[in-house]
Amino acid sequence: MEPIVTVSGLWKIFGKKVDAARELAAEGADREQIQAETDCLVAVRDVTFDVHAGETFVVMGLSGSGKSTLVRCVSRLIEPTFGHMEVCGTILADASDTALRELRRSKMAMVFQHFGLFPHRRVVDNVAYGLEVQGVARDERHERAREVLTTVGLDGWGDHYPQQLSGGMQQRVGLARALAVEPEVLFFDEPFSALDPLIRRDMQDELVTLQIELQRTIVFITHDFAEALRLADRIAIMRDGAFTQVGTPLEILTQPADDYVRAFTQDAPIAKVLPACSLMRPVGDVALEESWPRTTETATLESALPFLLSEHRPVVVCNADGDPLGLLHQDDVAAVLEQNLR
Amino acid sequence: MSQTVAAEPGASAGAPAVRRRSPFAVGLAAAAVALVIVGFVASVDAFPESWNLGLADPIDRTRRWLINNQTSHWLYTVLLNPLTDLADAGIRQLEAILRWFPWYVYPVFCGLGLWRVRGRVAGALGLCGVVLIGMTDLWQQGFATLALMGVAVFLSLLAGIPLGIAAWRNDRFAGVLRPTLDAMQTMPGFVYLIPFVLLFGIGRVPALIATVIFALPPVVRLTDVGLRNVPGPMVEASEMFGATDRQTLRLVRIPAARPAILAGTNQTTMLAMSMVVIAAFIGSGGLGQDVLRAMRDIDVGEASEAGIAIVIMAIILDRFTRGIATLGERGRGPRTNAHADGSLRAADTVAIRWIAAATALVALVGGIVGHNRFPEWLQWHYAPYINDITAWARDNLYDIGNSGIGTGPLSDFITVYMVTPLRELLSSGIPWPAMIGLGVLGGLLARGVTLGLGIGVALFLIGWLGMWELSMDTLAQTLVAVAVTLAIAVPLGIQASHSDRFQKLIDPVLDFLQTIPSFVLLVPVITLFHVGRIPGIIASVVYALPGAVHYTDLGLRRVPAEVHEAATSFGATRWQRLRRVELPLAAPELMVAVNQMIMLVLAMVVIAGLVGGGGLGLETVNALRRSDAVGRGFEAGIAIVLLAGILDRLTRGVADRLRPPAAA
Ligand SMILES: Nc1ncnc2c1ncn2[C@@H]1O[C@H](COP(=O)(O)OP(=O)(O)OP(=O)(O)O)[C@@H](O)[C@H]1O
Ligand SMILES: [Mg+2]
Numbered sequence: 001m002e003p004i005v006t007v008s009g010l011w012k013i014f015g016k017k018v019d020a021a022r023e024l025a026a027e028g029a030d031r032e033q034i035q036a037e038t039d040c041l042v043a044v045r046d047v048t049f050d051v052h053a054g055e056t057f058v059v060m061g062l063s064g065s066g067k068s069t070l071v072r073c074v075s076r077l078i079e080p081t082f083g084h085m086e087v088c089g090t091i092l093a094d095a096s097d098t099a100l101r102e103l104r105r106s107k108m109a110m111v112f113q114h115f116g117l118f119p120h121r122r123v124v125d126n127v128a129y130g131l132e133v134q135g136v137a138r139d140e141r142h143e144r145a146r147e148v149l150t151t152v153g154l155d156g157w158g159d160h161y162p163q164q165l166s167g168g169m170q171q172r173v174g175l176a177r178a179l180a181v182e183p184e185v186l187f188f189d190e191p192f193s194a195l196d197p198l199i200r201r202d203m204q205d206e207l208v209t210l211q212i213e214l215q216r217t218i219v220f221i222t223h224d225f226a227e228a229l230r231l232a233d234r235i236a237i238m239r240d241g242a243f244t245q246v247g248t249p250l251e252i253l254t255q256p257a258d259d260y261v262r263a264f265t266q267d268a269p270i271a272k273v274l275p276a277c278s279l280m281r282p283v284g285d286v287a288l289e290e291s292w293p294r295t296t297e298t299a300t301l302e303s304a305l306p307f308l309l310s311e312h313r314p315v316v317v318c319n320a321d322g323d324p325l326g327l328l329h330q331d332d333v334a335a336v337l338e339q340n341l342r
Numbered sequence: 001m002s003q004t005v006a007a008e009p010g011a012s013a014g015a016p017a018v019r020r021r022s023p024f025a026v027g028l029a030a031a032a033v034a035l036v037i038v039g040f041v042a043s044v045d046a047f048p049e050s051w052n053l054g055l056a057d058p059i060d061r062t063r064r065w066l067i068n069n070q071t072s073h074w075l076y077t078v079l080l081n082p083l084t085d086l087a088d089a090g091i092r093q094l095e096a097i098l099r100w101f102p103w104y105v106y107p108v109f110c111g112l113g114l115w116r117v118r119g120r121v122a123g124a125l126g127l128c129g130v131v132l133i134g135m136t137d138l139w140q141q142g143f144a145t146l147a148l149m150g151v152a153v154f155l156s157l158l159a160g161i162p163l164g165i166a167a168w169r170n171d172r173f174a175g176v177l178r179p180t181l182d183a184m185q186t187m188p189g190f191v192y193l194i195p196f197v198l199l200f201g202i203g204r205v206p207a208l209i210a211t212v213i214f215a216l217p218p219v220v221r222l223t224d225v226g227l228r229n230v231p232g233p234m235v236e237a238s239e240m241f242g243a244t245d246r247q248t249l250r251l252v253r254i255p256a257a258r259p260a261i262l263a264g265t266n267q268t269t270m271l272a273m274s275m276v277v278i279a280a281f282i283g284s285g286g287l288g289q290d291v292l293r294a295m296r297d298i299d300v301g302e303a304s305e306a307g308i309a310i311v312i313m314a315i316i317l318d319r320f321t322r323g324i325a326t327l328g329e330r331g332r333g334p335r336t337n338a339h340a341d342g343s344l345r346a347a348d349t350v351a352i353r354w355i356a357a358a359t360a361l362v363a364l365v366g367g368i369v370g371h372n373r374f375p376e377w378l379q380w381h382y383a384p385y386i387n388d389i390t391a392w393a394r395d396n397l398y399d400i401g402n403s404g405i406g407t408g409p410l411s412d413f414i415t416v417y418m419v420t421p422l423r424e425l426l427s428s429g430i431p432w433p434a435m436i437g438l439g440v441l442g443g444l445l446a447r448g449v450t451l452g453l454g455i456g457v458a459l460f461l462i463g464w465l466g467m468w469e470l471s472m473d474t475l476a477q478t479l480v481a482v483a484v485t486l487a488i489a490v491p492l493g494i495q496a497s498h499s500d501r502f503q504k505l506i507d508p509v510l511d512f513l514q515t516i517p518s519f520v521l522l523v524p525v526i527t528l529f530h531v532g533r534i535p536g537i538i539a540s541v542v543y544a545l546p547g548a549v550h551y552t553d554l555g556l557r558r559v560p561a562e563v564h565e566a567a568t569s570f571g572a573t574r575w576q577r578l579r580r581v582e583l584p585l586a587a588p589e590l591m592v593a594v595n596q597m598i599m600l601v602l603a604m605v606v607i608a609g610l611v612g613g614g615g616l617g618l619e620t621v622n623a624l625r626r627s628d629a630v631g632r633g634f635e636a637g638i639a640i641v642l643l644a645g646i647l648d649r650l651t652r653g654v655a656d657r658l659r660p661p662a663a664a
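Protein sequences appear in the order of chains A and B. The opening residue of the first sequence carries number 1 in the working numbering; numbering runs sequentially from there. The opening residue of the second sequence carries number 1 in the working numbering; numbering runs sequentially from there.
Any given hint could turn out to be false.
[Claimed, not checked] For each label pair, taking beta carbons as the anchor points, the in silico distance ranges come out as:
{"no.": "1", "chain 1": "A", "residue 1": "167", "chain 2": "B", "residue 2": "365", "range": "53 to 59 Å"}
{"no.": "2", "chain 1": "B", "residue 1": "178", "chain 2": "A", "residue 2": "99", "range": "33 to 39 Å"}
{"no.": "3", "chain 1": "B", "residue 1": "162", "chain 2": "A", "residue 2": "163", "range": "27 to 33 Å"}
[Claimed, not checked] Reference listing, derived: stretches of chain A covered by chain B, where coverage requires no fewer than 3 residues with Cβ under 8 Å from a Cβ of chain B:
{"no.": "4", "stretch": "116-127"}
{"no.": "5", "stretch": "130-138"}
[Claimed, not checked] Far from chain B, by Cβ distances over 12 Å, these chain A residues were calculated:
{"no.": "6", "residue": "2"}
{"no.": "7", "residue": "6"}
{"no.": "8", "residue": "19"}
{"no.": "9", "residue": "82"}
{"no.": "10", "residue": "112"}
{"no.": "11", "residue": "156"}
{"no.": "12", "residue": "189"}
{"no.": "13", "residue": "209"}
{"no.": "14", "residue": "242"}
Everything labelled a hint here was simulated from the structure, so no lab data went into it. Think of the CB as a built atom: it goes at the ideal place given N, C-alpha and C, for glycine as much as any other residue.
With the rest of the complex left out, here is chain A (with noise of 0.2 Å):
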């Protein structure tokens, strides 16, 4: 598969000594050393990472560890310092203003983590603004804006202002707008973080719909080690600026890289949170028997448990038309829970 976003040897340092600081760190010298000589903060440190088509790629991260700074350098919002970039085959150092201007339009948008909507616009006119920037007539962009509202489930909201609006629906407002441009890469900065756990719940289940559905190529920035089992295709654990392991959930939940990660997915919920799909084999050239259970894509790894405790058969994962998707085997699912009790 081709990939959509490529990312190789991304730094970004803030401060004054940065090859000074690049080469402390490719010593091994960690943060606080090399602020401490060189008064430089490496935020983002050599990360590289390929997403494709239609994957949504979480990072997932506690605070400070560069998150911000790298979905930023990234969308170019902000210069890195070094690197290499590459969206949608534009190499994101050479592009003038003009290119860069031109791929935001057509081909990226960003979902902020406090919504970055417009007070002074109605929330029609907020989700019409990408469109607005391109020149789209006044009718043709309303109209769009309208339909896409409609998908989020703001039906009749558009003439009201933002902050009338609850934090949930803010944020619907902000993907929206993101969605209204069709774009082929959607950037997430902790989207769902202001949010109210219940609420966030929603909208995640929201997103996994929406993108059965749209099939975009999503970036996704999260603290949240759940929210990233729930919604990833691939995880990327990113710490004190670097990546420390890169791999599907599945992965990262069998085969931590270290205690950190294990750290992680000790306190997770995993039977709760991990969609069953997370955890299928490929069905291969396995004869489907009509008798095994079958289960949806979307739903979790602990609706599926009664039927791997009670019987020695696979569980067959389907998408919405009914199609088999791949094979839920419980030595799988064995090995994961017990992973996590460890």
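Fit chain B with the ligands to the known structure of chain A by using the hints.
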């Protein structure tokens, strides 16, 4: 975590810089102390007259030369006269347009406008107010004032908003602009008139230019601040959608900064209003001229009619520009129900539209037919009643029942026990070198070497200009007025901070007082206190009071509730809590209040030169009245600016000192 680490070096580098004693500072302090000692030992008193910069003569000569060449020199024929004519034509044209409409358009539309932005009561009052202006036969003067105002505000905004945008875009420019605006705002409006009189003579155009410049700072400053305060995420969001810088500015930044820009527009309008009135001194015409003429004749009745017309206009303009600023915010507030914030019922909106449409229709017909004069049969003067009241007040309030209580004894008391001794102390009690030495020490303590040196130089300059004695007179009046204001304002502010009900009660009164242009305040005061230094001081107190109360209240209210509770939990009485906890915590805010107060008082004390206030104000008034006194007036103007600068920097320095160290 790492954020605090990053911030610490900066913070710790900043803190000791304030306290560091450089050898230079020690030397300066020693020199200042020496000056004080020498001053007292040698017992010099008056600033030597032979030490005079002699600025007045060249200025007067320039003035004469300018008058003689006004019709021939290219500076005038090519540059200034066409400019003058253009500005004059603009004002005339606007005035003509204003006069073209039938008279009833004004009360109706003012009423409707205020109804729309502030509700029915405000609308009704607005309507009556405008009618009252017409009734007292001030319709034409009102138009003259309004036209001058309109052009001035338009030009101020035209220059101010782009300047604000430029300041926001370019930090270096902002670095130059901000101190300039600061300096501009410390100068009393009156002083602005002098250079333009020098250049243009008297008339509407120098008045216009002085007004535009005087009114400029708030809109520049607030445009800059508004744009800078647009939240980063909003701008990022806009950029992320591929907006060009221009699109982001037009679609996001300026709309987001709109409330600030409109607040600036409101302040600019109010400054322009007060300046247009003061500019009557140089022949701006209009309502100010009527007040001025009546005040010269001590005809309080006439002065009141014109003064009240000005106040009505000021209040309507203020409420209207403020209303527009808040109108856009309605419905955007955080989830309120539509009517709770006093916004209009739908029926009202419909009514307003219909009345407006009907009036416009009638006006269109009326405008063609005429009706543009305020009808004679509606005229009614209340000046005679005011004069009766004044006479009564003079006879009866001056010394109520020979009891030693009344305005007379009060003004005697202030004169004998406050103003005169202080003036004598400042001008002859403390020898001038000692005064300079003390000023330097004050500056050193308040901020450091630069301020100390600056104050020393400024004080010496004042003497060198030949303005020592007059400046000390003005300084004495200012200090007395500030002391009286503080004595009244602080208790009121404390009370207001403790009781929401009391605050609600005095708020509208203060708000009203604040809207009155400074010059007009003199009218009621001379009713009660005759002429002399006292009316100036009293008017200053009234003028500075609202701000002082407001800042005291604000400062005390900022003290966190937890601190209150903590103090109370240790068993502090209310008085102990106030003295030990609240006042110290509010001290920086109070010092800001003192700073504002001094600036307002000084501006007023200068204007009071008109009603016998003496000091620097009198010289300035003379300069504007007689063309041969421009030189002296110019010197006095510079002295006022220097004095204002000294007092401003000194109080701000102290305010900064009182601020607790900022959190890293
Ligand atoms: N403009 C800047 N200048 C200097 N340091 C910065 C700047 N922006 C971010 N940093 C620092 O870089 C580090 C990483 O910041 P970043 O905002 O990327 O963290 P994050 O992982 O997004 O954290 P959070 O979960 O709090 O959003 C932090 O230590 C931060 O203080
Ligand atoms: Mg962040």
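Here is what the structure says about each hint:
1. A/167 with B/365: 53 to 59 Å: holds, 55 Å
2. B/178 with A/99: 33 to 39 Å: holds, 37 Å
3. B/162 with A/163: 27 to 33 Å: Check passed, 30 Å falls within 27 to 33 Å.
4. 116-127: The restraint on the stretch 116-127 of chain A holds, since 6 of its residues have a Cβ under 8 Å from chain B and three suffice.
5. 130-138: holds (count 4)
6. 2: holds, 23 Å
7. 6: Residue 6 of chain A is indeed farther than 12 Å from all Cβ atoms of chain B, at 20 Å.
8. 19: Since the minimum Cβ distance to chain B is about 20 Å, residue 19 of chain A lies beyond 12 Å and the statement holds.
9. 82: holds, 21 Å
10. 112: violated, 5 Å
11. 156: Consistent with the label, residue 156 of chain A stays out of reach of chain B, its closest Cβ about 16 Å off (over 12 Å).
12. 189: Given a closest Cβ separation of 10 Å, the condition is violated.
13. 209: With a cut-off of 12 Å, residue 209 of chain A remains clear of chain B, as the shortest Cβ separation is near 24 Å.
14. 242: Its Cβ never comes within 12 Å of chain B, the nearest being 15 Å, so this holds.
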